[in-house]
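Colleague: If you're matching them up, the sequences are chains A and B in order.
Everything in the first sequence is counted per the numbering used here, starting at 33 for the first residue and increasing by one.
Everything in the second sequence is counted per the numbering used here, starting at 111 for the first residue and increasing by one.
If you're looking for bench data, these hints aren't it; they were derived computationally from the structure.
Built from N, CA and C at the ideal position, the CB exists for glycine as well.
A hint or two may mislead.
Using 20 Å as the maximum straight-line C-alpha spacing, the simulated SDA-like pairs for lysine to any residue come out as follows [said to hold, decoys possible]:
(1) A:95 with B:181
(2) A:210 with A:95
(3) A:195 with A:233
(4) A:95 with B:189
(5) A:95 with A:113
(6) A:195 with A:235
Listed below are several chain A residues computed to face chain B (Cβ distance under 10 Å; list not exhaustive) [claimed, not checked]:
(7) 45
(8) 47
(9) 50
(10) 54
(11) 81
(12) 82
(13) 103
(14) 106
(15) 109
(16) 110
(17) 114
(18) 115
(19) 119
(20) 132
(21) 133
(22) 135
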Amino acid sequence: MLEAVDLAAVRGDRRLFAGLGFSLLEGELLHVHGVNGSGKTTLLRMLCGLVVPEEGRILWEGKDIRSEREAYLRNLVYLGHLGALKGDLTGVENLRITETLAGEAVTEDQAMAALQDVGLHGHEDLPVRVLSQGQRRRVALARLALSQAGLWILDEPFTALDKASVAALRARLENHLKQGGMVILTTHQEIDIDTALVKQVALG
Amino acid sequence: MKRDLILAVRRMSDVLTTLFFFIIVVSLFPLGIGPEVEILRMIAPGVVWVAAILASMLALGRLFEGDYRDGTLEQMLLAPQPLSVLVLGKVLAHWAVSGLPLVLMAPLLGLQFGMTAEGLGVLLVSLVLGTPAISLIGAVGAALTLGVRGGGVLVSLLVLPLYIPVLIFGAGAVEASVTGLGAEAHLSLLGAILALALCFAPWATAAALRISLD
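Next up, chain A with everything else stripped away, as it sits in the complex (with noise of 0.2 Å):
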């Protein structure tokens, strides 16, 4: 379980939120909304431990997520704005290197079956620079299935899909879900997963 507790933040000398709680429990969906700038990807930054309160905690299991770092870090993944890919690598090689960082070893088989489930079948040896916008997501959207982590914290994981690949990142939000796992995430989209909770959070 996640919990959060009066959390607040400051950007610059902007108050972008304040006294903000919420609660989540395995198999349970945090939608994020709020207009740009609200502070939706502050909070998620928040949430990873990136960023410190300016007030409040977070609480992991009941324990306080910098206290218990190590153990939290490893079963979450967060996504950002930037895919945390090198041009000059492959998208294998991109994986096998997140996922490394991660703390959690994969083959090579594995890492290209993860590129092939995500449509980029016969993209996999290719320097990632020449990949497209799309394409470029997808191979960071793979990593979510190799990872073994419960909880997912992704920032705008809709934005440049196609019309397929969004429905594909639905069905394995479903899927993570239905397994016990959780996710958060910001999006403009409207997301209707109608197998799990959905909770709904509002900046702005």
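Chain B: place on chain A using the hints.
Modeller: Positioned in the frame of chain A, the structure of chain B alone reads:
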């Protein structure tokens, strides 16, 4: 670290720029000063050391910049391993591609200055001890100025004064051995600086990265 080495090989030009900068700067001195062997021999250690420091400054900007821009640095902060260990790996990889070639090239350049074999040996050892320390100390500055506009100039201002001890003992070691004083004292002090940098710099760099990404 393995990833950084692969990346460096894919981007050979970056490595070569640093190396050629070093070679050209060092070669300019004999051309400018003229063929008096005595003067050249006297200034050689200082010239090689200053050029090595400037060349490594050139490479310093690239240490975290790429990772910062494409989001890899965020993922590094979210890795379960301690950040300082990852930083240490990154800095060592950086040294292997930017510092090590300089070290290997230095004796060859020393010949241009008419240095003796003994002097060249000490120069090599002093660079082997000194350049990793330079990379480690520089990493703190690079992490602090991450994402700041005009960070390159700022990092020089921050870091160059911190290089002074390394420069003094590095160049001093060669000079001491040439004048017959023995280089051991200087070299052990250089080693001490390296040991200190190994202990504290990764930790300070990790803290600076967290601040830069907050």
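Colleague: Each hint needs a verdict: does it hold in this structure or not?
Modeller: The hints, checked one at a time:
Restraint check for residue 95 of chain A and residue 181 of chain B: the C-alpha separation of about 28 Å exceeds 20 Å, so the hint is violated. At roughly 25 Å between alpha-carbon atoms, residue 210 of chain A and residue 95 of chain A are farther apart than 20 Å, so this suggested pair is violated. Between residue 195 of chain A and residue 233 of chain A the alpha-carbon distance is near 26 Å, which puts this suggested pair outside the 20 Å criterion. Only pairs whose Cα atoms come within 20 Å are accepted, and residue 95 of chain A paired with residue 189 of chain B is accepted, the gap being roughly 19 Å.
With a C-alpha separation of about 28 Å, the suggested pair residue 95 of chain A and residue 113 of chain A falls outside the 20 Å cut-off, and the hint is violated. Pair hint residue 195 of chain A plus residue 235 of chain A does not hold up; C-alpha atoms about 27 Å apart against a cutoff of 20 Å. Proximity of residue 45 of chain A to chain B is violated relative to the hint, the smallest CB-CB distance being about 16 Å (cut-off 10 Å). A least Cβ separation of about 16 Å between residue 47 of chain A and chain B goes past the 10 Å threshold, and the interface hint is therefore violated.
With a cut of 10 Å, the hint placing residue 50 of chain A at the interface with chain B is violated, because the nearest CB-to-CB distance is about 18 Å. About 21 Å separates the beta-carbon of residue 54 of chain A from the nearest beta-carbon of chain B, more than 10 Å, and the hint is not met. At its closest, the beta carbon of residue 81 of chain A sits 7 Å from a beta carbon of chain B; the interface hint therefore holds under the 10 Å criterion. A least Cβ separation of about 6 Å between residue 82 of chain A and chain B falls short of the 10 Å threshold, and the interface hint therefore holds.
A least Cβ separation of about 8 Å between residue 103 of chain A and chain B falls short of the 10 Å threshold, and the interface hint therefore holds. For residue 106 of chain A, the interface hint holds, the least distance from its beta-carbon to any beta-carbon of chain B being 5 Å, beneath 10 Å. The beta carbon of residue 109 of chain A is positioned within 10 Å of a beta carbon in chain B (closest approach about 9 Å), and the interface hint is therefore held. Because the beta carbon of residue 110 of chain A sits about 6 Å from the nearest beta carbon in chain B, less than 10 Å, this interface hint is met.
Given hint, residue 114 of chain A at the interface with chain B, holds; its Cβ is 3 Å from that chain's nearest Cβ, closer than 10 Å. Restraint check, residue 115 of chain A versus chain B: the minimum CB separation of about 6 Å is within 10 Å; hint holds. Contact between residue 119 of chain A and chain B, as hinted, is supported at the beta carbon level, the nearest pair being about 8 Å apart and thus within 10 Å. Annotation: interface hint on residue 132 of chain A holds; nearest CB of chain B at approximately 8 Å, less than 10 Å.
Proximity of residue 133 of chain A to chain B holds as hinted, the smallest CB-CB distance being about 5 Å (cut-off 10 Å). Look at residue 135 of chain A: its Cβ gets to within about 5 Å of chain B, closer than 10 Å, so that hint holds up.
Of the hints listed earlier, those the structure fails to meet are numbers 1, 2, 3, 5, 6, 7, 8, 9, 10, in rising order.
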